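Asks: Read off the chains here:
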Amino acid sequence: MRILIVEDEPGIANFLRDGLVEESFAVDTACNGNKGLEMAEINDYDLILLDWMIPGISGIEVCRQIRKSNTKTPVIFLTAKDTVSDIVFGLEAGANDYIKKPFKFEELLARVRVQLRTKDGEQTVLHLNDIQMNLETHQVFRESREINLTQKEFALLEYLLRNKNKVCTRTRIIEHVWDIHFDADTSVIDVYINFLRKKLDIGYGTNFIHTVRGVGYIAKEE
Amino acid sequence: MKLSLRNRITFFYLAATSLLIGILFITIYLVVHQTVYNHLDGDLDTEASEIEKNLVILNNQFMFANKFEWNENEHSQIEVNPVFVQVVDTAGKVIKKTGNLLSGNLEFDHTLKTKTYFNTKLSGQPTRQVQLPIINPVGKTLGFIIIAMPLEESAVVLNNLFIVLVNSYWIVLFALFYITRFIAGASISPINKVISTAERITKENFDERIDLPVHRDEIYTLTSTINELLNRLEDAVLREKQFTADASHELRTPLSVIKGTLEVLIRKPRDIEQYESKIRYCINEADRMSGLIDQLLMLARYESGKLTPVIAKINIYDSINSAITRLRSFIDQKGIIINLSCCDNALVNADISMLETILENILSNAVKYSDEGKQIEISVDKKNGNVVCSIKDNGIGMTEEQASKIFDRFYRADESRTPQAGGNGIGMAIVKKLADLQNLDLNVESKVNNGTTVYIKFPS
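From first to last, the protein sequence lines stand for chains A and B.
The opening position of the first sequence corresponds to residue 568 in our numbering, with each subsequent residue numbered one higher.
The opening position of the second sequence corresponds to residue 177 in our numbering, with each subsequent residue numbered one higher.
To be clear, the hints were calculated from the coordinates, so they are not data collected in a lab.
Being a predicted model, the structure only gives us computed values, none of them experimental.
Ideal Cβ positions, reconstructed from N, Cα and C, are used throughout, including at glycine.
Keep in mind that the hints are not guaranteed to be accurate.
[What the hints assert, rightly or not] The calculated lysine to any residue pairs, modelled on SDA-like cross-linking and capped at a C-alpha distance of 20 Å, are:
id: 1; chain 1: A; residue 1: 668; chain 2: B; residue 2: 427
id: 2; chain 1: A; residue 1: 733; chain 2: A; residue 2: 696
id: 3; chain 1: A; residue 1: 667; chain 2: B; residue 2: 422
id: 4; chain 1: A; residue 1: 667; chain 2: B; residue 2: 426
id: 5; chain 1: A; residue 1: 667; chain 2: B; residue 2: 423
id: 6; chain 1: B; residue 1: 417; chain 2: A; residue 2: 653
id: 7; chain 1: A; residue 1: 766; chain 2: A; residue 2: 777
id: 8; chain 1: B; residue 1: 568; chain 2: B; residue 2: 533
id: 9; chain 1: A; residue 1: 668; chain 2: B; residue 2: 461
id: 10; chain 1: B; residue 1: 558; chain 2: B; residue 2: 517
id: 11; chain 1: A; residue 1: 667; chain 2: B; residue 2: 425
id: 12; chain 1: B; residue 1: 608; chain 2: B; residue 2: 418
id: 13; chain 1: B; residue 1: 444; chain 2: A; residue 2: 675
id: 14; chain 1: A; residue 1: 668; chain 2: B; residue 2: 419
id: 15; chain 1: B; residue 1: 454; chain 2: A; residue 2: 581
id: 16; chain 1: B; residue 1: 435; chain 2: A; residue 2: 649
id: 17; chain 1: B; residue 1: 550; chain 2: B; residue 2: 573
id: 18; chain 1: B; residue 1: 544; chain 2: B; residue 2: 586
id: 19; chain 1: B; residue 1: 297; chain 2: B; residue 2: 280
id: 20; chain 1: A; residue 1: 671; chain 2: B; residue 2: 611
id: 21; chain 1: A; residue 1: 602; chain 2: A; residue 2: 766
id: 22; chain 1: B; residue 1: 417; chain 2: B; residue 2: 380
id: 23; chain 1: B; residue 1: 544; chain 2: B; residue 2: 575
id: 24; chain 1: B; residue 1: 435; chain 2: A; residue 2: 577
id: 25; chain 1: B; residue 1: 489; chain 2: B; residue 2: 611
id: 26; chain 1: B; residue 1: 435; chain 2: B; residue 2: 451
[As the list claims (entries may be wrong)] Residues from chain A that face chain B, not an exhaustive set, calculated with beta carbons under 8 Å:
id: 27; residue: 578
id: 28; residue: 589
id: 29; residue: 647
id: 30; residue: 667
id: 31; residue: 668
id: 32; residue: 669
id: 33; residue: 672
[As the list claims (entries may be wrong)] Computed list of chain B residues with no C-beta within reach of chain A, every gap over 10 Å:
id: 34; residue: 335
id: 35; residue: 491
id: 36; residue: 500
Just need the whole structure built from these sequences, with the hints factored in.
Replies: Given below as structure tokens:
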């Protein structure tokens with residue numbers, strides 16, 4: 568899952584990024600409205616965290632511009648403006664949620680998950696055959712045996728499970744699992760797919776991640 | 177006495193008018209009174225001169241010529257305009273009198289030696305009487321002629337006039353009271369409108385203004401003066417609101433950063449280096465915050481006017497050096513070279529600690545926005561008797577618009593350009609405030625990528 572943070576205060580952007588990366592999200596940051604809008608239009612984000620008062624064009628305007636071409640990506644306002652009229656104004660500009668500063672990181676995380684869940688119409692627990700993936704507790708089980716995954720492995724598995732039975736192209740995997748600073752060398756995907764296969768398949772005999780030659784990978788339900 | 181403006185106007189107006197009308201009525205009465213008596217006295221005179229014409233004086237005696245008609249109607253009757261005549265000797269003994277006097281005599285006052293008019297009564301009826309002496313050629317008084325006419329009609333006229341005037345006086349006053357009250361009420365009603373609008377204006381509808389009256393009169397001036405006052409107040413309130421909002425935002429941001437960083441930090445166990453670096457980061461943020469609070473308090477103290485500058489003749493060279501010393505580590509850290517040139521005997525009128533704060537803040541900005549290894553030139557010159565200190569950096573500079581705003585509280589020129597500078601937007605506001613307190617002239621010249629120069633002009 569890839570998230571864009573548009574926030575001018577570097578301190579806030581930093582801890583948000585650190586916290587979200589730990590939760591296996593790929594995170595990009597933009598420090599002003601113009602940059603944020605540009606990034607939102609070029610890249611395919613799963614969620615955007617948007618500060619209202621930012622240099623350049625305001626968060627409200629960024630949100631409106633995004634909504635002109637993209638009605639799907641959830642946008643969450645993150646702002647110190649806290650009157651009812653501000654909240655209404657923000658939501659009417661096209662935002663999906665509104666978090667008042669100062670906020671608790673746990674709450675922000677929960678709200679981010681709500682938006683992603685609503686977007687996909689899914690639960691916080693993803694299933695594939697006998698694999699169970701709990702996004703909130705960050706645990707992965709196969710036949711009730713817990714499997715430890717690194718952040719990237721977890722993010723890759725999450726993306727594959729969210730798109731189960733669909734072919735995930737290498738480009739889309741890179742876009743959604745790695746952030747913008749990542750060099751677009753897609754061979755890293757193969758490395759991580761191997762890690763996943765090792766951790767999840769060894770001892771079970773069934774191979775649930777299938778390679779679609781020349782295109783990407785698919786997680787198939789059997 | 178606590179009276180409303182309306183009642184006060186009514187009261188004063190009424191007092192003045194009642195006095196004037198009173199004087200007018202008294203004058204009218206007196207004039208009519210005088211006219212009536214003059215008229216009567218004239219009649220008495222005519223009669224007297226007629227008698228005198230018929231008077232023959234011989235040494236110590238006098239007698240009447242026959243021509244005087246003692247039995248004329250007016251002298252014999254009492255019903256229609258009677259004229260009573262009586263002649264007495266010096267002792268008051270009646271020598272001769274007209275028939276209409278019947279048994280009564282006219283009153284004689286032996287103290288009156290010259291011609292005198294007076295009021296008296298004859299048989300209970302008011303009369304006007306004249307008494308004149310009969311004098312022989314050597315000046316001896318031989319007797320007196322007394323002539324009387326009834327006063328009744330004139331008295332009635334005067335009495336009626338008196339009653340009419342007194343009654344109408346109260347009626348006029350009564351009517352005037354209500355008319356004045358009404359007019360006073362009508363003329364101050366625009367003021368009441370002003371009051372009710374002014375009362376309605378609170379923090380919530382501060383943009384409301386009092387409607388201006390059609391005529392450009394005093395009320396118009398009052399209204400527009402109040403409106404202008406409201407404009408100024410609204411500006412001040414908005415500025416304060418903006419300041420409070422900015423201050424709380426500036427304080428909340430580092431707090432959010434500290435809180436968020438620690439929240440993320442504590443979610444998972446980490447190695448010691450990570451803890452150390454994050455805690456150090458939070459300490460820095462807390463330092464930044466307490467620095468901001470210190471500066472805000474300083475600004476508030478200066479703005480509340482509790483601190484007054486102690487102006488003395490001080491050597492600016494020493495102040496500049498002390499500011500440089502205080503910023504030494506920051507200057508060295510960026511490898512900035514400072515060139516200081518100062519004219520001889522650079523004495524200025526200023527408060528020494530305020531001046532040092534000003535110099536320190538300007539200099540720290542110059543260092544902050546200069547690239548590493550650049551030069552900063554400080555020079556002190558005398559121009560037309562004024563000492564001018566200029567601090568010139570070769571840093572990133574600003575646009576003219578940005579330069580015009582740098583003294584505003586919480587203004588920072590384009591944040592994204594120098595995120596590492598980390599100012600809080602208060603320093604230059606303090607400089608401006610302190611300069612104003614000491615009557616120093618501040619000027620900023622700046623060009624993008626071409627450095628900024630701040631000039632401080634001292635009063636001579």
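Asks: Hint by hint, note whether the structure agrees.
Replies: Now the hints, each set against the structure:
| no. | hint | in the structure |
| --- | --- | --- |
| 1 | A/668 x B/427 | holds, 12 Å |
| 2 | A/733 x A/696 | holds, 15 Å |
| 3 | A/667 x B/422 | holds, 16 Å |
| 4 | A/667 x B/426 | holds, 16 Å |
| 5 | A/667 x B/423 | holds, 17 Å |
| 6 | B/417 x A/653 | holds, 17 Å |
| 7 | A/766 x A/777 | holds, 15 Å |
| 8 | B/568 x B/533 | holds, 17 Å |
| 9 | A/668 x B/461 | holds, 17 Å |
| 10 | B/558 x B/517 | holds, 12 Å |
| 11 | A/667 x B/425 | holds, 12 Å |
| 12 | B/608 x B/418 | holds, 18 Å |
| 13 | B/444 x A/675 | holds, 17 Å |
| 14 | A/668 x B/419 | holds, 19 Å |
| 15 | B/454 x A/581 | holds, 11 Å |
| 16 | B/435 x A/649 | holds, 19 Å |
| 17 | B/550 x B/573 | holds, 13 Å |
| 18 | B/544 x B/586 | holds, 16 Å |
| 19 | B/297 x B/280 | holds, 11 Å |
| 20 | A/671 x B/611 | violated, 43 Å |
| 21 | A/602 x A/766 | violated, 39 Å |
| 22 | B/417 x B/380 | holds, 13 Å |
| 23 | B/544 x B/575 | holds, 17 Å |
| 24 | B/435 x A/577 | holds, 14 Å |
| 25 | B/489 x B/611 | holds, 16 Å |
| 26 | B/435 x B/451 | holds, 14 Å |
| 27 | 578 | holds, 3 Å |
| 28 | 589 | holds, 7 Å |
| 29 | 647 | holds, 6 Å |
| 30 | 667 | violated, 11 Å |
| 31 | 668 | holds, 6 Å |
| 32 | 669 | holds, 4 Å |
| 33 | 672 | holds, 4 Å |
| 34 | 335 | holds, 83 Å |
| 35 | 491 | holds, 42 Å |
| 36 | 500 | holds, 30 Å |
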